[in-house]
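Novice: Required output: the full structure, derived from the provided sequences and hints.
Residue numbers (our numbering), protein chains in the order written: chain U, 3 to 248; chain A, 2 to 190; chain E, 2 to 190.
Just so you know, these hints were derived from the structure itself, not from any lab.
These numbers were taken from a predicted model, which means no experiment stands behind them.
Every residue gets a Cβ at the ideal spot worked out from N, C-alpha and C, and that includes glycine.
All the pointers check out, no bait thrown in.
Beta-carbon label-pair distances, calculated as ranges:
no.: 1; chain 1: E; residue 1: L109; chain 2: U; residue 2: E241; range: 39 to 45 Å
no.: 2; chain 1: E; residue 1: S25; chain 2: A; residue 2: P144; range: 37 to 43 Å
no.: 3; chain 1: E; residue 1: H121; chain 2: A; residue 2: E91; range: 22 to 28 Å
no.: 4; chain 1: E; residue 1: E23; chain 2: U; residue 2: V80; range: 52 to 58 Å
no.: 5; chain 1: E; residue 1: K113; chain 2: A; residue 2: Q66; range: 51 to 57 Å
no.: 6; chain 1: E; residue 1: E23; chain 2: U; residue 2: P34; range: 51 to 57 Å
no.: 7; chain 1: U; residue 1: L143; chain 2: E; residue 2: E23; range: 17 to 23 Å
no.: 8; chain 1: E; residue 1: D164; chain 2: A; residue 2: N124; range: 27 to 33 Å
If you want the building blocks of each chain, they are given just below.
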Amino acid sequence: MAIPVKLEVFEGPLDLLLHLIDKNKIDIYDIPIVVITEQYLDYIKNMKTDDMNIMSEFLVMAATLLDIKCRMLLPKEVNEEGEEEDPRSELVQKLLEYKIYKYMSFELKDRLLDSEKLLFKRATLPKEVENYRHPVDYDELIQDLNLSKLHEIFKSIVKKQEDKIDPIRSKFGKLEKDEVSMEQKMSYVEQYISKNGRFSFRALLEKQCGKMEVIVTFLVILELMKVGRIHIQQDDIFEDIIITTA
Amino acid sequence: MDRLKAEAVIEAILFTMGESVEGSRLADVIEEDLKTTKEIIKELSDKYEKENRGIAIIELDGAYQMCTKGEMYEFLIKIAKAPRKYVLTETVLETLSIIAYKQPITRLEIEKIRGVSCDHAVNKLIELDLIKELGRLDAPGRPLLFGTTEQFLRSFGVKSLEDLPELNSEQLEDFKEQAEEEIQLKLDI
Amino acid sequence: MDRLKAEAVIEAILFTMGESVEGSRLADVIEEDLKTTKEIIKELSDKYEKENRGIAIIELDGAYQMCTKGEMYEFLIKIAKAPRKYVLTETVLETLSIIAYKQPITRLEIEKIRGVSCDHAVNKLIELDLIKELGRLDAPGRPLLFGTTEQFLRSFGVKSLEDLPELNSEQLEDFKEQAEEEIQLKLDI
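Specialist: Here's what the structure looks like:
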């Protein structure tokens with residue numbers, strides 16, 4: 003029987019990464035990406051969070067780790083100075099910076115605890131002193147400000163508010179399941195294959211209407227290739243792709 | 002408790018309480034009897050008599066209170082009456098423009114537009130008599146509604162609120178279109 | 002003004018006002034220049050160090066405020082209302098430390114460093130009056146810039162931003178060394 007493990011709560015993906023680095027006692031400057039990525043993915047698999055926002059932040063980091071993992075396998079990239087670039091260096095810098103502020107936040111917390119012991123007092127001004135308000139010099143306060151400038155300020159605020167609204171997503175109202183399902187497209191493409199035997203990828207796409215259909219068709223082709231049902235061949239870059247049944 | 006320490010404790014208590022504190026309560030804190038406590042307060046009080054001290058302890062019916070010495074009054078008036086320099090910060094100005102064009106408006110609506118809390122700015126504007134409370138909105142929580150004052154009209158040379166330039170719906174549409182174009186551009190790249 | 006009297010006046014003002022008072026305002030009242038005023042405050046402050054005193058003067062970004070000494074706390078809570086405690090979560094503290102050291106800073110920059118959204122923490126910090134808006138960055142979208150408040154200095158016992166615990170590259174070196182030592186340990190096993 004699996005023992006339920008109480009998962010620690012992390013302040014975000016960087017916090018989790020630091021924890022893993024610490025736990026594995028590894029050098030922050032030389033992170034074994036494969037190990038860390040595996041552990042990271044394991045962790046988020048076990049994460050029970052209903053908050054999509056939090057989850058997505060962890061997923062972004064997972065994608066970044068996988069990206070680094072891929073780039074580690076490829077020949078080293080070279081920067082302008084002709085030096086080899088470590089795909090991990092950006093992540094290392096981020097981790098170090100985050101670690102510093104995390105450390106400082108503990109330092110600050112200590113100070114907070116000390117300062118909480120200081121007590122202040124409310125003002126005890128005599129009433130007539132307390133109620134005294136020096137008249138505001140409005141000419142000095144308003145200066146060269148006028149109505150049209152105030153209007154400009156208001157317009158810029160309204161514009162900023164509009165900018166914040168994503169005109170595309172705001173029209174969604176609610177998210178609905180895609181009308182193009184993978185299964186349906188799969189059976190369609192399989193029929194197409196058995197009918198045509200050998201065909202052009204471009205010709206297949208031309209039969210699709212709408213962006214979603216094109217995307218799903220493309221995914222179906224990738225899947226069929228992966229499972230070995232079809233072969234694909236492309237003679238040159240940007241040439242048409244020829245698909246044949248395996 | 003050690004005498005000197007007891008003096009310090011009493012000073013700290015009277016300072017932070019501001020109001021009068023009964024001798025018996027002070028005695029409890031320093032864990033001495035009332036008689037000793039009174040002696041300690043007397044000693045402390047005597048030290049306050051020195052000319053470099055601005056505060057004193059007065060006894061009121063067995064209770065003690067810290068206060069400023071009478072001769073300090075003129076200086077207190079001086080600092081309270083010193084004119085303060087007011088400046089309209091960007092935050093305050095933005096809040097003012099929203100209130101001017103959307104009045105009557107609640108804090109919540111202002112915060113929605115600005116995306117951040119506006120308490121400080123609203124209080125500042127009330128202090129400056131540029132906005133005022135207009136009443137309460139007939140909605141849950143009965144939030145306060147704010148609007149501009151006569152002083153606002155005077156300062157900005159506006160005859161009445163109808164004089165405020167209008168931000169019409171056409172303009173709003175323009176902003177929307179601009180935003181959409183920008184998004185489209187990004188998608189096309 | 003006579004030095005001793007000036008001390009008395011400053012003591013009376015700080016006692017009465019309760020809140021922080023700028024050095025320049027105190028200087029106006031005692032009719033001395035700022036430098037002399039600061040010297041006088043220093044002298045006064047030194048006298049408060051004595052063991053029979055329960056109060057102290059703290060400096061906050063050129064302003065001064067009277068408060069009780071930290072060691073008085075245990076006695077004060079027996080009688081006075083304990084001050085509002087901030088319960089700051091780790092998230093909020095991390096965000097605050099980034100703002101403290103990198104101010105003025107936008108939300109986006111904070112999020113970049115923390116790798117997570119900071120809206121909640123920023124709003125909480127504004128609500129607690131530990132940070133405030135400083136204006137807007139002159140960049141697309143004109144994002145708000147945030148910085149710490151006087152309340153931040155008070156809550157964290159910091160005189161001014163220069164007085165913050167140092168954030169230096171040495172710390173980074175330490176982290177590096179620690180990491181290296183750990184590696185070495187592993188290799189040695």
